[in-house]
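Asker: The primary structure of each chain is shown beneath.
Protein chains: 2
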Amino acid sequence: MPFVNHLKLEKQDDFFPSHLPMVAFEGIYNDHKVTVVTNGKDSVYGTKVDKVGTVPAAMAAFLALEKTKASLLINAGTAGGFQRKGAAIGDVFLLEGVANHDRRIPIPGFDSYGVGTIDITKRIHPGKMAGGLGFKTGNCTTSNSLDRTEEDDKHMLSNDASVKDMEAAAIAWSCELQDTPFLGVKVVTDIVDGDKPTQEEFMENLGKAAESLQSALPKVLEYICGKEHHEL
Amino acid sequence: MPFVNHLKLEKQDDFFPSHLPMVAFEGIYNDHKVTVVTNGKDSVYGTKVDKVGTVPAAMAAFLALEKTKASLLINAGTAGGFQRKGAAIGDVFLLEGVANHDRRIPIPGFDSYGVGTIDITKRIHPGKMAGGLGFKTGNCTTSNSLDRTEEDDKHMLSNDASVKDMEAAAIAWSCELQDTPFLGVKVVTDIVDGDKPTQEEFMENLGKAAESLQSALPKVLEYICGKEHHEL
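Line by line, the protein sequences give chains A and B.
Just so it is clear: in the first sequence, position 208 is 1098 by the numbering used here, and no numbers are missing.
Just so it is clear: in the second sequence, position 79 is 969 by the numbering used here, and no numbers are missing.
Looking at chain A on its own, in the form it has when it is part of the complex:
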């Protein structure tokens, strides 16, 4: 909400079908139309928790792009970071690739579909942007779990991940279907390959990470506005 208020965006009650939990805000920033979408809460599993995970995220992204025909989607959020890849709490990462680490389908063809690696650097260059803004870059590995198993560890390593989240690969899939460039902006809340359980470290650092994201996002928008895809 601080970001929505900072940009003076207005809530759009008719943006999504009324039976969907997603919420949209829209407005003009630097002569560019900006839509902020959150996955919201729904009554299926109780109204207390946000709809984290791949299914609501992919659906929100697909429907939002279908409606806005936006020229760029930014997936902004928190993530776990790998210290073996240089990540520290509060770091901002711009993503260069996404993949899944919880879709194991050991049948030829289906195996790579399951991993679902998507190269984000085909039309925009997060590395260039990260250099200009003082952010880090790396791959994001996605699953529907906040924690991790030894099996997950193998696949996260194989995805050469700098950060781990619960949405990016699904949102990037919707972007590919809609032929829209995807920019992932992930702030580190916890160290995946550290010694604290993710959930404890996550709750401890969520405030700090939210502040970091809060300061990063306007800089990202400022950098993007007025540039063509090939200039990003």
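In silico lysine-lysine, BS3-like type, Cα no more than 27 Å apart, as pairs: (1) A/Lys931 to B/Lys959; (2) A/Lys1086 to A/Lys1044; (3) B/Lys901 to A/Lys957.
Calculated Cβ distances over 10 Å to all of chain B for the following chain A residues: (4) Gln902; (5) Asp903; (6) Arg1013; (7) Ile1114; (8) Cys1115; (9) Glu1121.
To give a feel for the contact side, a few chain A residues facing chain B, derived at Cβ under 7 Å: (10) Val939; (11) Val945; (12) Arg993; (13) Arg994; (14) Leu1067.
None of these hints come from the bench; they were simulated from the model.
Here the structure is a predicted model, which means the values were calculated and not measured.
Even glycine gets a Cβ: it sits at the ideal position worked out from N, Cα and C.
Dock chain B against the given chain A, drawing on the hints supplied.
Answerer: Below, chain B alone, put in the same frame as chain A:
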């Protein structure tokens, strides 16, 4: 395709947005409009494999219900079966509940959202239908992996699952959002708690299971057509 041909359904090229991989067929059966939807193949990960898993399934179900306002959604497919719950290769199960076993979020409130149990028996009674048709009943546990880990085993047991698939819980979530009753018809291709790797047994029995599903589905339609929800 044999089922689509049996029902004399016609392919609908404009049913889904053209950039989505899903495919729809429609026609009239016993005075009832029937739409068959498959998740199709897409160019994001190559065009060789079907879009299995929760994300495309939830999206296809949501969009199909948004368009058709159907009075019932039937999720027909294959599944692994648990012999400890009496499942054997080729068995037809009608689902009474669904839940996820790969969405572990150990934060209060988010934990139960992650499992995402949905009771299917609020408006229709699969048990009654199964009795009439000679099918079995049970819960389905869903994940994005064909294989399983020891961690998965714990959650599948906790979900009291008779069968394991890769879509049901996601499709049932879309049905809940659309306020549409969900009927799951799952045919067993492999024994999860047996001694063969799922992928080998799956490929071996896919043909047999497809025949079983092929014979079950017309019986299900025959039973349903002409009945109100409360009579099912």
